[in-house]
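Trainee: What follows is each chain in one-letter form.
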Amino acid sequence: MLTRRDFLTRCASFGAAALLLSIKRGAGPLLAQVPSAAQGSKAPDIVAVKGGSQAARLDRALRELGGIGAFVRKGQTVVIKPNIGWSQGPEVAANTDPELVARLVEHCLEAGASKVWVFDHSCDNGPSSYRASKIEGYAKAAGAVVVPGESSSYYQEVPVPGARSLKKTRVHELILAADAFINVPVLKDHSGAGMTCAMKNLMGIVWDRSEFHRLGLDQCIADACLFRKPTLSIVDAGRVMLSGGPRGYPGSRYGEQRMLIASTDIVALDAVSARTLGRAPSDFEYIAKAEERGLGTSDTSRLAISRLTI
Amino acid sequence: MSRSRNFAGPIARAARIAAAALALAGATLSFLLGGELGDTLSRAISSWQLFPAAARIAALALGGAGISGLATGATLLAASALFGRWYCAALCPLGSLQDAASLLGGARRRARGPLRGLRAASLAAVLGLAALGALGLASWLDPWSLFGRFLAYDIQPLLRLALRADTPALRPELVAAAGLAMSLVLLASALSGRWFCGNLCPVGAVLGILNRFAPLRLRLDEGACVSCGRCSSVCRATCVDGARKRLDPTRCVYCLACLAACPTGAVRYGRGPRASGHAAARAGPREAGPLAAPLSRRGFVSLLAGGSLALGAAALSRRSLSLLAPRIEGGGVPRPVTPPGSGSAALFAERCTACGLCVSRCPAKILRPSLGRLGLAGFLAPRLDYSVSYCQYDCVACLEACPSGALERLALGRKRLTKIGDATLIRERCVVIKNRTKCGACAEHCPTGAVRMIVGESRLPEPVFDGAICIGCGACHHACPVEPDKAISVAGLAEHRLAEKPEAGLFDTPAHAPPGLKGEEPTEASEAFPF
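These protein sequence lines map, in sequence, to chains A and B. Sequential numbering from 214 applies to the first sequence in the working numbering. Sequential numbering from 489 applies to the second sequence in the working numbering.
If you're looking for bench data, these hints aren't it; they were derived computationally from the structure. Just so it is clear, CB atoms sit at the ideal spot from N, CA and C, and this is done for glycine as well. One thing to keep in mind: the hints can contain errors.
To be verified - So the derived label-pair ranges between C-beta atoms look like this:
1. A650/B - V358/A: 18 to 24 Å
2. A650/B - D421/A: 47 to 53 Å
3. S366/A - E945/B: 40 to 46 Å
4. G993/B - S366/A: 39 to 45 Å
5. G551/B - L389/A: 54 to 60 Å
6. A657/B - R383/A: 15 to 21 Å
7. L517/B - E323/A: 37 to 43 Å
Sequences are here, hints too, so could you generate the full structure?
Mentor: In structure tokens:
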């Protein structure tokens, strides 16, 4: 029950907070947004933030989701899995933006995480991809431990419960060890799968990717998500590669979306990401296959989407 | 003698030991340290090694184009001819490693006299093999390559194992051979100091001759010598005989132990005695007289003439020697792929000393020593093994490191266009065609767009190959999931050449674009949310 007094108190505190924020950030269209989750009873299913810098988008999205504390508790270990697939610079947008990764590391440490690990099983040579993407440098500077992913000794064989094709596979030990698992893909075109985003990014937690291709790519992408559901997935849709993905070529086309999308529903994330590429979720078989396994919802009309512009 | 001289000796010796330790550490890290620092270090250290430097000069003399790093080789030779054999004292990592081993050998060390004629035979063998274009075989007497192979095939794999890094399996015979060669050299030095340097090393033999005629060098003044014998007791090259007041300039390795030990300053570095006065008449010929076979001016000239003739004859006939030539046309077996900058397998087999530096530096670990694929001449010269990984598009580590001139130092832009192999696509084996499931692993890894996915009859994106822009990097080959016979595989070329530049517009539309979407503008950014 909301009493008049409560209502007035809330209005006053919200106004004060907004005033403080607007002073801190400079004038901006602060209130020109969908009501924040802080007012509602429940966080939205998907948060999409447009404009601003990578770090500002992340800050805003996390606030909307109730803060990083809703996902990472004090003393927990965190593994962050960006896309560091290619030995390409950030401007190519073949990898997750390094600023986004660094800001996420900071958030986790501020929430009291005892350790924040960052790794990917790169497609190109691991160390050069870590270097060229600038993720290694940025993440280390932010306080993360950057762990190699290019060596088979880091991967342990695990069963994948409920899988149709990929019944067992070798998974990076950090995925087994960490308390929280944050998936930070970059959205882009993909010559093999059509699109790479939240689900496809999890192909980088396994050792033998070639197996995915042999057993059926779409089914295995969906199966791999069954092993461990990410605590949170955050999509870098800042500069979106629309063609020539996943590696990126001088002739690749881009859409400057300046967007970040976050959700705990990996299927829903891929569904809205498909629309961002100008495609329908049904164009990608792995989305349907994942939904079939109960991994999430692709019908975004049934979801509460918080669309914010900063 | 003055006191200052007695100080100068030990100080000079300490400085030489410090320089040698630095060079040894640098050479070791050249093979073990990853990243850009390791790349820079390996280039700096390896370009000052004499055997590969001589190979560069020889390659240029035999008509090699694009051979770089000639200045360091010429500088080393000129400096040795003018100032003596300092190379062995400070720059050669195998020399310094031997010094360390002989220290460990300690009291048991009793330097043995040289074996007469062995160094001449060794030098002749090395020059003969080199002239035949079999540097890989000759290099089993080259100190840099012996050191390098030990680090590349014994130490680095151990280190990677300790660091949990994957290492492609090496043939045990190779690991054993590299380790055995090093063990023999070090055993000899534990027993008898710089035995290898005075008896087997071809670099030492040449530098010995240059030192013999160098205007400035280490000398023993007979007049000042009191035959106390301290120099002989510390000499690790058996080149100084205190009792007879003799120092053999063709074997001295400039360790400076005698310089530091000499109480009278009779051992000194500098010019010879002046031509006038009877001290010169007395010192000249005797001082030059070594402990073993003396090398007279006549002997030197005849050695030079005979050697040149033999080398010329061998060099002219070398191409006809099928035993040594690389077997690149083997029936049914794909041609080996040699690193970018090597020009062709044949040239590479001739010029590579198989020191293993590029093998150690390759970040993808795809360079593997070949046992027979590059012929006897190219024994252990590396080839690219795409089962391990593929040649990285933005990497020039191997050709930047190569000290022997076997790999031309192509700029990155040129390396990216250098076609070292060609892919063959066998559609019937392809996962998309065979299983009707999506794949595209080849296309997603291709750095140039030579393999692309285009929606085909299967209604799925199918691989399409364009050889004109393929550079043979092996990315598609490595990524192809079809085992054991890949649907797309890369084989070497008879000669490397330049690939064409990919045309603009190759990636205007996404591979999965439905027919209706083709040619349309992809979604551009807007303020509105796309969902």
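Trainee: For A650/B and D421/A, compare the CB-CB distance with the range 47 to 53 Å and indicate the outcome.
Mentor: Cβ of A650/B to Cβ of D421/A: about 24 Å, so the range 47 to 53 Å is violated.
Trainee: 39 to 45 Å was suggested as the range; check whether the CB atoms of G993/B and S366/A agree with it.
Mentor: Distance hint for G993/B, S366/A holds at roughly 44 Å.
Trainee: May I ask you to test the hint 40 to 46 Å on the CB atoms belonging to S366/A and E945/B?
Mentor: Given range 40 to 46 Å: holds, Cβ gap about 43 Å.
Trainee: Do the beta carbons of L517/B and E323/A sit within 37 to 43 Å of each other?
Mentor: The hint (37 to 43 Å, Cβ to Cβ) holds, given that L517/B and E323/A are roughly 39 Å apart.
Trainee: Take a look at whether the Cβ-Cβ distance between A657/B and R383/A falls inside 15 to 21 Å.
Mentor: Cβ of A657/B to Cβ of R383/A: about 19 Å, so the range 15 to 21 Å holds.
Trainee: Are G551/B and L389/A spaced within 54 to 60 Å by their CB atoms?
Mentor: 59 Å Cβ-Cβ, so the 54 to 60 Å window holds.
Trainee: Do A650/B and V358/A keep their Cβ atoms within the hinted range of 18 to 24 Å?
Mentor: Cβ of A650/B to Cβ of V358/A: about 19 Å, so the range 18 to 24 Å holds.
Hint compliance for this structure: hint 2 is the single one not met.
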